[in-house]
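First to last, the sequence lines map onto chains A and B.
Heads up: the first sequence begins at 1300 in the numbering used here, then just goes up one per residue.
Heads up: the second sequence begins at 893 in the numbering used here, then just goes up one per residue.
Calculated directly from the structure, the hints in this document are not laboratory data.
There may be inaccurate statements among the hints.
Straight-line distance between alpha carbons at most 35 Å, and here's what the computed DSBU-like set of lysine-lysine pairs gives [as the list claims (entries may be wrong)]: (1) B:Lys1086 <-> B:Lys1143; (2) A:Lys1488 <-> B:Lys1094; (3) A:Lys1526 <-> A:Lys1542; (4) B:Lys1053 <-> B:Lys1143; (5) B:Lys1094 <-> B:Lys1143; (6) A:Lys1542 <-> B:Lys1094.
Residues from chain A that face chain B, not an exhaustive set, calculated with beta carbons under 7 Å [claimed, not checked]: (7) Leu1338; (8) Ile1345; (9) His1407; (10) Asp1450; (11) Glu1496.
For every residue, glycine included, the Cβ atom is placed at its ideal position computed from N, Cα and C.
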Amino acid sequence: MEQVFRQPTSAALETTYEFCAGCGHGTSLRLVSEVIDELGLREETIGVLGVGCYSTNPVLFDFDCQFALHGRAPAMATAVKRLLPDRLVFTLQGDGDLTAIGTTEIVHAATRGERFTTIMLNNSGYGETGGQMAPTTVIGQRTPSTPRGRDVAMDGHPTRMTQMLALLDGATYVARVALNTPVNIARAKRAIRRAFEVQRTGQGFSMVEVLTACPSGWRLSTLEAMKWMEEVQMKTYPLGDLKVPA
Amino acid sequence: MGRPMFMNCNRAVIEAAILSGCRFFSGYPITPATEALEQASHRMAAMGGVFLQGESELSVINMLMGAASIGVRCMTATSGAGFALMQEALSHMAGIVELPCVILNVSRGGPGFGNLTPTQGDYRIATRGGGPGDYRCLVFGPSTVQEAVDTTKLAFALADKYRIPAIVLSDQMLAETSEAFDLGEPLAEAPVDKWWATTGCKGRTAVYLGRAQADLSPRAEYGGALLTPNLLGLEGGGESFESHMLRLVEKFRRIEAAEVRTETLYLDDADLVVVAFGTSARLIRPAIEEARARGLRVGLIRPITLWPFPSRLLAETATHVSEFLVVEMSLGQLVDDVRLAVLGQAPVRLFSTLGGVIPRPETVLPEIERLLSVVPSRA
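Generate the whole structure from the sequences, applying the supplied hints.
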């Protein structure tokens, strides 16, 4: 009989799933695992995981990973990739990790054209600490640290880091995807695969920003969260390829 | 016989690092450590290693964490303010992941931005740590270029052996001292199996370095004790955070028992013992010799390892001398460790110079004479 479905071997599936209902992180980790499997690179992969729910929960990948301090994953990945250029190296970081405390590290890694891939999970807030405002929190979004909604005069504007990075000469492939519909999930997987292929062919820095829902942090039901992502979050963070290899 | 060379301390340390198998250097320019960065920029590449100029010391230390995580011998060179920026990651490397690396910290004038004169003001941040929580790093305080070379080689060996960061604490004066040294041969070392290095999981179980992982602990043994990859959350892992910390404490005790290095002079009959390390010890040595020539019973204890500290030697010495004189180019940092070791058995005086002023034989000798004139000899 033809086998039509197989669990990805790059995911540690015996691990208890401890994400909140409706959280997009599980899907993100699943897509990364599937792509690594399809490329046949599980044993050649080194993941550098930032600080967030995706790294605090029990081990979810079944390949070598390193834990990075808040925002510093691109610095670690830089050293790993320079020393082991034939490995697949990626950082997994949240929007708080990457666009706030880790701004310097990601900008300079991209500037240098480091040949690793960054996957940024953007849920527009600090999910792990309870959903406080991050640089990516959209205008008007209520969080525990912006109880009346993000106010431009008080809190400034949302940071579109992916657009900023796309401007850099060292960045080769930059895309933004979302995990709200099956079609978009399929697109997200294709973007992750393309980013890894750009890395494997030595073309430069590659990055995929993934809009993921955080119903707990957003204080919404799962279905409301999907709706909010499409109607609000995506207005600030439009989907698509922001930069593709020449 | 090794290889006679002549260069300044910053550059010599890089040569010692390369001889020790260091193949990764990342750094950020900062006076007075920058020549190490310059030396590494061409020497690493020439040896097939990797050199990276980071965008900040925060990035630099985390680059080191990446290199160390895949088992590559790595180092950086920095000074005061830059070293301060590295403390969070250093704490994590020392106390959580247990990663080896070597940091040349060329102490300059502190506090804060300070200035570029020679001081030993980074003694406390090096030996106590400026990062969060309970941890230790190996700290060496060389007093000559030759000793900086020798301790750098030792630092790489012990960092690997104990899975711990090692700091070579230099200062502006030593850094800018050019003198002849013998690079020597690489140290003969017992091979260290870096089974935990996350280089890709081919042929073995995947490792998640820096986080809990239950089934790997039994494989971690080397050096006679269990060392594991670690932990944060731990609820899902095999060991509790307390058991991790207790194992860490046990490792620190083993290091304290085995790795203290000290030079001593004239302890047999000394009434007054001078305690100094690094540049200040080198500068005042003529004062000790002159005092001896004048018949004064003075000795010297010069810690070469600042952690582990020669506390036992000081405690023993305190039972048969009348007084200690600590000479340091800082406000009173080394003196704290001496007083803790002596534990009130003998008075501990402080001769402190600050702001780039250095202790000189002609300023220290009168103090030795004054103290000995009021201290009754125990002989």
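### Message
Tell me the hint numbers this structure goes against, listed in increasing order.
### Response
7, 10, 11
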